[in-house]
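Asks: One-letter residues, chain by chain:
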Amino acid sequence: EPEVTQTPSHQVTQMGQEVILRCVPISNHLYFYWYRQILGQKVEFLVSFYNNEISEKSEIFDDQFSVERPDGSNFTLKIRSTKLEDSAMYFCASRGTGSYQPQHFGDGTRLSIL
Amino acid sequence: QQQVKQSPQSLIVQKGGISIINCAYENTAFDYFPWYQQFPGKGPALLIAIRPDVSEKKEGRFTISFNKSAKQFSLHIMDSQPGDSATYFCAARTGGTASKLTFGTGTRLQVTL
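So the sequences go chain by chain: A and B. Okay, so the first sequence: first residue is -13 according to the working numbering, each after it adds one. Okay, so the second sequence: first residue is 5 according to the working numbering, each after it adds one.
Incorrect hints may appear among the rest.
[To be verified] A short, non-exhaustive set of chain B residues, derived as facing chain A with CB atoms under 10 Å:
{"id": "1", "residue": "P38"}
{"id": "2", "residue": "K46"}
{"id": "3", "residue": "R55"}
{"id": "4", "residue": "G64"}
{"id": "5", "residue": "P86"}
[As the list claims (entries may be wrong)] Using 30 Å as the maximum straight-line C-alpha spacing, the simulated BS3-like pairs for lysine-lysine come out as follows:
{"id": "6", "chain 1": "B", "residue 1": "K75", "chain 2": "A", "residue 2": "K28"}
{"id": "7", "chain 1": "B", "residue 1": "K19", "chain 2": "A", "residue 2": "K43"}
{"id": "8", "chain 1": "A", "residue 1": "K28", "chain 2": "B", "residue 2": "K19"}
{"id": "9", "chain 1": "B", "residue 1": "K46", "chain 2": "B", "residue 2": "K61"}
{"id": "10", "chain 1": "A", "residue 1": "K43", "chain 2": "A", "residue 2": "K69"}
{"id": "11", "chain 1": "B", "residue 1": "K46", "chain 2": "B", "residue 2": "K19"}
{"id": "12", "chain 1": "B", "residue 1": "K9", "chain 2": "B", "residue 2": "K72"}
{"id": "13", "chain 1": "A", "residue 1": "K28", "chain 2": "B", "residue 2": "K62"}
{"id": "14", "chain 1": "B", "residue 1": "K61", "chain 2": "A", "residue 2": "K28"}
{"id": "15", "chain 1": "A", "residue 1": "K43", "chain 2": "B", "residue 2": "K62"}
{"id": "16", "chain 1": "B", "residue 1": "K46", "chain 2": "A", "residue 2": "K28"}
{"id": "17", "chain 1": "A", "residue 1": "K69", "chain 2": "B", "residue 2": "K46"}
{"id": "18", "chain 1": "A", "residue 1": "K28", "chain 2": "A", "residue 2": "K69"}
Hints listed in this document are in silico derivations from the structure and should not be mistaken for laboratory results. Beta carbons: idealized from backbone N, C-alpha and C, even for Gly.
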């Protein structure tokens, strides 16, 4: 069964550094998402992306965050200047075309900011 | 108004018993209600989902009951098994191009022998 893959599985970064989280969505999917989950808390929406542009973003997704689809297979989340509170699991999701297509999630990248 | 309230926070059920997890929402713009199962170290995996024009959906041991007028929906796991021990999240989707999911706070289910 096709799956969403994310790399790296764990990223440790010094506060203030830039980090890029990478995702390979399911190949025929056109809608892409990033969510985050702070340890022990619920999953929170960050941003949705379709047709090479952001379709919606949450208040968490401030100017320090950006997303990109640099080629036909990858979808990235960049945090320009990381803060301690950015430490979380970051999940990428994708879904196919159609009204009730579900979102499929990757296994996440654990981001630890020191 | 965007919140999805989920209860209980944790649940212990004996093997063979029924696990019931409840969710409630306020936003009538939600148009799709999936349940996700998450094991430690893994991403949320879609378990079952329902549209608001349906009152019940069953897939194997898993059933969603949906009450549109009360804005509530619940997950029933029949014949619960130790392998069902995981965290369960209800979610609600906002329609449109974004179709973002708003998640509940999660229920940690433990099925004992």
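Asks: Would you mind confirming whether the straight-line C-alpha gap from K28/A to K69/A stays at or under 30 Å?
Replies: Holds, at about 20 Å.
Asks: Per the CB criterion, is P38/B less than 10 Å away from chain A?
Replies: Constraint on P38/B satisfied, holds at 6 Å.
Asks: Please verify whether K75/B and K28/A have alpha carbons no more than 30 Å apart.
Replies: Judged against 30 Å, a Cα distance of about 20 Å means the pair holds.
Asks: May I ask you to test the interface hint for P86/B with respect to chain A, counting a Cβ-Cβ separation under 10 Å as satisfied?
Replies: With Cβ-Cβ at 22 Å, over 10 Å, it is violated.
Asks: For the pair supplied as a hint, K46/B and K19/B, confirm whether the alpha-carbon distance does not exceed 30 Å.
Replies: Between K46/B and K19/B the Cα gap is close to 23 Å, so the pair holds against 30 Å.
Asks: Would the pair K61/B and K28/A pass a check requiring their Cα atoms to be no farther apart than 30 Å?
Replies: holds (25 Å)
Asks: Given R55/B as an interface hint, is the shortest Cβ-Cβ distance to chain A below 10 Å?
Replies: holds (6 Å)
Asks: Regarding the pair K9/B and K72/B, is the alpha-carbon distance no greater than 30 Å?
Replies: The given pair, whose Cα atoms are some 15 Å apart, holds under the 30 Å limit.
Asks: Does K46/B pair with K61/B here, judged by a C-alpha cut-off of 30 Å?
Replies: holds (26 Å)
Asks: Holds or violated: are the alpha carbons of K69/A and K46/B at most 30 Å from each other?
Replies: holds (24 Å)
Asks: Starting from K19/B, check that the Cα of K43/A is at most 30 Å away, please.
Replies: Given pair K19/B, K43/A is violated - Cα atoms ~42 Å apart, limit 30 Å.
Asks: Within a Cα-Cα threshold of 30 Å, do K43/A and K62/B meet the stated pairing?
Replies: violated (33 Å)
Checked against the numbered hints given earlier, this structure breaks hints 4, 5, 7 and 15; the rest are met.
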